[in-house]
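A.B. asks: The lines below spell out each chain.
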Amino acid sequence: MKRSLFGRIWPNATAVVLFAGLVFPVYWMFATAFKPTGDIISENPVWFPTHLTFSHFQKAVDADNFWTLVGNSVTVTVCSVLISLVIALFAAFALARLRFKGRRGLIVTFMLAQMAPWEVMIIAIYMIVRDADMLDSLVPLTAFYAVMVLPLTVLTLRGYVAAVPKELEESAMVDGCTRTQAFVKVIFPLLAPGLMATSLFGFITAWNEFPLVLILNKANDKQTLPLWLSQFQTAFGDDWGATMAASSLFALPILILFIFLQRKAVSGLTDGAVKG
Amino acid sequence: MKRKLAAAITIAGMMVSVAACGGNSKDDSKDAGPGSWKGQTLTVWTMDGSAPPQWTKDVQAAFEKQTGAKVNFQIQKWDGIQQKITTALSEDTPPDVLEVGNTQTPAYAATGGLADLADVKKAIGADWTPSVSQSSVYDGKQYAAPWYFANRVVIYNKAIWAKAGITATPKTRDEFFKDLETIGKKTDAEPLYLPGQNWYFFDGLIIGQGGELVKKQGDTYVSNLADPKVAAAMETYKKYASYSKAPKDKDEATPQQAQVFAKGKTGAFIGMGWEAATAIQANKAIEKDLGYFTIPGVGADKPEGVFLGGSNLAVAQNSKHQSLAKEFLKVALSDQYEGELAKLSGIVPNKASLESNVQGNPAAEAAAPAAAGGGTTPLIPEWAAVENTPNPIKSYMTSVLNGKDPAAAAKDVESEINKRLAQKN
Amino acid sequence: MSVQTEGTDTAGEPAVRKARPAGPPSGEDRGSRSSHRAAAPYLLLLPALLATLVLLGWPLVKNGMLSFQNLNPRQLIQHLTEWNGIDNYKEVLTGSDFWHVVERSLVFTVINVALIMVLGTLIGLLLARLGRKMRLLLMIGLVLAWAMPIIAATTVYQWLFAQRFGVVNWVLDKLGWHSMAGYNWFGTQTSTFSVVILLLVWESIPFVAINLYAATTTIPRELYEAAALDGAGAWKSFTSVTFPFLKPFLYSTTFLEVIWIFKAFPQIFAINEGGPDHLTETLPIYAFVQGVGNQHFGVGAAISFLTVLVLLVMTSYYLRMVLKQEEDEL
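Sequence lines, in order, name chains A, B and C. For the first sequence, position 139 (counting from the first letter as 1) is numbered 139 according to UniProt numbering, and the numbering increases by one without interruption. For the second sequence, position 221 (counting from the first letter as 1) is numbered 221 according to UniProt numbering, and the numbering increases by one without interruption. For the third sequence, position 214 (counting from the first letter as 1) is numbered 214 according to UniProt numbering, and the numbering increases by one without interruption.
If you are wondering where the hints come from, they were derived from the structure by calculation, not from laboratory data. Model, not experiment: these values are computed from the prediction. Be aware that a few hints might be false.
[As the list claims (entries may be wrong)] If you want a taste of the chain B side facing chain C, the calculated C-beta under 7 Å gives, among others:
1) T86
2) L89
3) D249
4) P255
5) A385
6) N388
7) T389
8) S395
[To be verified] Below, computed lysine-lysine pairings styled on DSS-like, alpha-carbon distance capped at 30 Å:
9) B:K419 / C:K62
10) A:K59 / B:K419
11) A:K166 / C:K133
12) C:K62 / B:K263
13) B:K284 / A:K59
14) C:K324 / A:K101
[Said to hold, decoys possible] Short derived list, chain A residues pointing at chain C, Cβ under 10 Å:
15) P11
16) V16
17) E43
18) W47
19) P49
20) F90
21) F100
22) K101
23) A143
24) G176
25) R179
26) V184
27) L200
28) S230
29) W240
30) T243
Backbone N, C-alpha and C fix where the C-beta goes; we use that ideal spot for every residue, glycine too.
Work out the full structure: start from the sequences and follow the hints.
C.D. replies: Written out as structure tokens, the structure reads:
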């Protein structure tokens with residue numbers, strides 16, 4: 001089936017236009033962050049920053065407790081993602097591979113759990129944590145973030161587990177492995193890309209969370225980066241240079257993580273599909 | 001099953017390591033008066049930008065020397081501050097001393113979360129300026145101590161005014177309008193930058209008119225926005241706004257008016273003295289052109305009414321260090337450090353006798369004459385809810401500026417204001 | 001996350017499973033193994049269930065209890081419990097605000113999800129058609145948009161659409177639409193929603209597009225060849241091969257998007273706090289403004305409870321479908 005010239009050009013042209021549209025906000029964030037304030041509030045936008053400045057980044061990093069907050073954010077995010085992955089993997093395996101009574105209800109339970117309106121439950125959560133005397137601690141934050149992402153993690157991982165051909169597991173068992181060994185030696189390696197891909201959702205959720213940490217952790221050294229990011233848009237107006245510099249710093253780890261994990265996840269997946 | 005056990009141990013291990021990340025030390029020692037102060041730590045919340053570092057350092061040194069206790073200043077961000085204070089006051093170990101906005105103080109006093117400061121008032125508050133200390137009194141009791149106050153001035157661009165041929169700053173409102181008109185005609189600058197929702201400037205105009213935002217109806221407060229005095233203040237605002245191209249439905253923070261002014265194409269704006277620093281930060285070249293004057297009133301003898309914004313210091317009712325916290329107030333608000341704060345920040349101090357400290361600070365000097373005739377928003381606990389986003393008074397302002405009759409516009413938002421005023425506490 | 005999100009929907013078990021010959025039932029199904037076998041699934045599920053029960057179930061119950069209380073700052077600070085029956089619900093349900101907000105939330109969700117699904121699917125199909133290099137380029141664009149943390153993205157959009165010095169207004173002005181110079185995007189309901197919708201569509205499309213593309217790569221070539229042998233054209237092979245194959249994926253993704261869009265919180269709240277004049281408040285924003293913003297925590301709890309009910313109704317069709325399919329499979 002030969003395609004006309006037009007038929008060959010329009011997909012590429014569309015792709016370029018889409019690329020520009022998708023990337024522009026990200027580009028503009030970085031570009032603004034590097035521009036001197038005079039170029040930012042300018043009647044004619046400066047499309048390419050020529051006089052690069054790091055002063056906005058300096059201001060963003062100089063904020064009180066910045067590195068403590070980085071540490072807190074990384075700890076909370078990584079811990080909560082790992083916890084939810086481990087817990088979810090057990091559940092996903094059971095839901096995908098085993099047949100038992102109540103399975104259907106459990107799947108629907110996890111689907112329902114996804115609908116939880118976390119933002120508007122914060123006062124209830126606050127009262128629970130306060131009465132348990134656990135305020136100003138990273139433990140409840142980590143735990144709640146883990147559960148926020150748990151339902152989707154379970155459901156997604158269940159799909160990945162189900163996609164691993166059962167024959168592989170069965171042949172391993174024929175070769176004398178126990179079921180657990182078969183899981184660890186055969187299924188788990190095949191699941192790695194799936195785990196990585198699934199973790200992305202957890203990373204982005206925990207990294208972003210704002211309303212809960214605001215009232216649970218009021219001590220300045222127990223907070224996380226979203227609170228730091230919000231301070232640049234103060235009651236006194238917007239300092240776009242510093243705001244964009246802070247946003248850039250905030251977004252960078254997740255952008256890198258995504259590009260890294262997404263490639264692995266997609267390629268791993270397509271490989272798996274071909275082999276399957 | 002061994003592996004399962006191993007997995008369980010891994011999880012447990014993770015939990016523990018997380019727990020280790022969030023070590024939680026709490027100081028539960030009871031406050032039993034001066035003898036027990038040594039070794040205690042007092043937590044003080046101040047807002048971002050309130051206390052200059054120098055002042056914090058000096059007060060900390062003086063306080064620690066005097067009491068032997070430590071003080072831990074925690075600077076609070078503005079975002080979500082209301083939730084933070086409300087929840088913090090409910091805790092067993094709240095911040096001991098906290099900065100509370102003067103207009104917010106009655107609402108917090110009514111919750112029972114603030115301690116009675118009668119003895120502090122007795123010790124250091126005999127000559128607090130009545131207009132600034134009234135916000136810290138609720139139900140006849142002193143629930144906070146006045147800390148610092150500020151009011152708006154006109155910040156103008158000398159170069160543009162000179163270009164328009166104006167040599168002296170205006171002394172009356174009409175002169176001011178005439179000057180703005182001249183600037184509009186003779187230069188290509190925007191005479192004034194005044195967005196439609198600079199609501200604290202509007203409140204000042206109402207105070208200047210002798211108007212009230214609420215009135216008592218039986219047992220409850222209701223909106224008084226339809227009052228002719230309020231409408232007259234709004235007409236004045238509209239006249240001011242007619243010299244500006246600023247958005248009618250934004251407040252002075254978006255975009256930050258000082259940054260707009262910094263471009264050098266705006267004749268003047270009405271703002272707080274410290275906003276000049278924001279302008280200078282955006283454009284160093286603007287510094288030499290900056291000038292300040294008191295917002296002129298109807299006659300030359302009396303400046304325009306202004307909203308006296310500011311903060312009080314309060315002690316949490318649940319504080320475990322009540323006597324120490326009160327001692328802190330006595331140090332921080334002493335003439336020495338209150339005077340230092342006025343000098344460093346150019347704010348209106350809590351005593352008239354300390355006002356001389358602002359000399360040499362042109363912005364503060366322009367602000368001072370108006371402070372005596374300043375006022376606040378209604379000092380009732382119910383008021384705080386009215387200013388919650390979206391502030392109905394801002395909506396009122398925008399619709400009048402867009403051509404609606406003030407009475408009709410007032411009617412539109414009155415039910416919302418009354419609803420908020422009627423909310424139980 | 002990739003194509004296997006369709007695992008949320010057993011109707012769409014991946015092709016790899018469908019393609020394989022029906023294997024013998026696996027060990028534990030024979031039911032005659034030792035008793036710990038029977039307990040295994042429950043043991044495996046225990047941590048997840050326990051965590052959900054404690055950290056989600058408990059707050060939900062607590063929230064439900066709060067919704068029957070008069071809870072304002074005074075009660076919160078003094079640790080008072082003042083039961084007030086169904087007053088909060090009465091107040092919410094008899095006010096006109098709530099119903100307006102429900103209606104707005106539904107329309108908002110439908111518009112967004114429709115845009116996201118249609119555009120996302122088209123872009124996904126485009127990805128499948130592109131050459132390697134162009135596909136990589138578009139993929140990078142998608143991943144960047146997808147990965148932008150929501151708070152950062154929201155801030156950037158505020159800046160793009162800023163009234164003064166915002167680049168969007170400048171471009172529109174230069175394109176000849178001069179009334180847009182200095183236009184205030186956050187001044188009216190329609191324009192604020194336009195920005196919010198653009199933001200949500202921009203950040204949601206990548207998920208749909210990338211996963212859909214990944215799903216198309218799992219469609220066996222033979223199916224297309226067979227269709228071609230039957231004389232099917234491009235459209236016919238799309239409707240007879242591609243679409244049926246992707247249908248389960250589309251169902252489950254729509255379900256997820258409905259939940260995500262309906263619950264979208266920071267995107268709307270940070271852009272304009274539900275303004276102007278409460279006009280862009282969807283249910284979660286409404287609950288937050290009433291409960292946390294105005295500090296009427298009891299009323300907020302009641303609204304959040306009603307919010308969940310509305311979401312349940314919206315997704316009930318899909319949930320019923322899942323229940324039925326799981327039943328068939330057993």
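A.B. asks: Run every hint past the structure and note whether it holds.
C.D. replies: Here is how each hint holds up against the structure:
no., hint, in the structure
1, T86, "holds (5 Å)"
2, L89, "holds (5 Å)"
3, D249, "holds (4 Å)"
4, P255, "holds (5 Å)"
5, A385, "holds (6 Å)"
6, N388, "holds (6 Å)"
7, T389, "holds (5 Å)"
8, S395, "holds (6 Å)"
9, B:K419 / C:K62, "holds (28 Å)"
10, A:K59 / B:K419, "violated (43 Å)"
11, A:K166 / C:K133, "violated (35 Å)"
12, C:K62 / B:K263, "violated (53 Å)"
13, B:K284 / A:K59, "holds (17 Å)"
14, C:K324 / A:K101, "holds (15 Å)"
15, P11, "holds (5 Å)"
16, V16, "holds (7 Å)"
17, E43, "holds (8 Å)"
18, W47, "holds (9 Å)"
19, P49, "violated (13 Å)"
20, F90, "holds (4 Å)"
21, F100, "holds (4 Å)"
22, K101, "holds (9 Å)"
23, A143, "holds (6 Å)"
24, G176, "violated (14 Å)"
25, R179, "holds (7 Å)"
26, V184, "violated (14 Å)"
27, L200, "holds (6 Å)"
28, S230, "holds (7 Å)"
29, W240, "holds (5 Å)"
30, T243, "holds (6 Å)"
Hints 10, 11, 12, 19, 24, 26, counting from the list given before, are not met by this structure.
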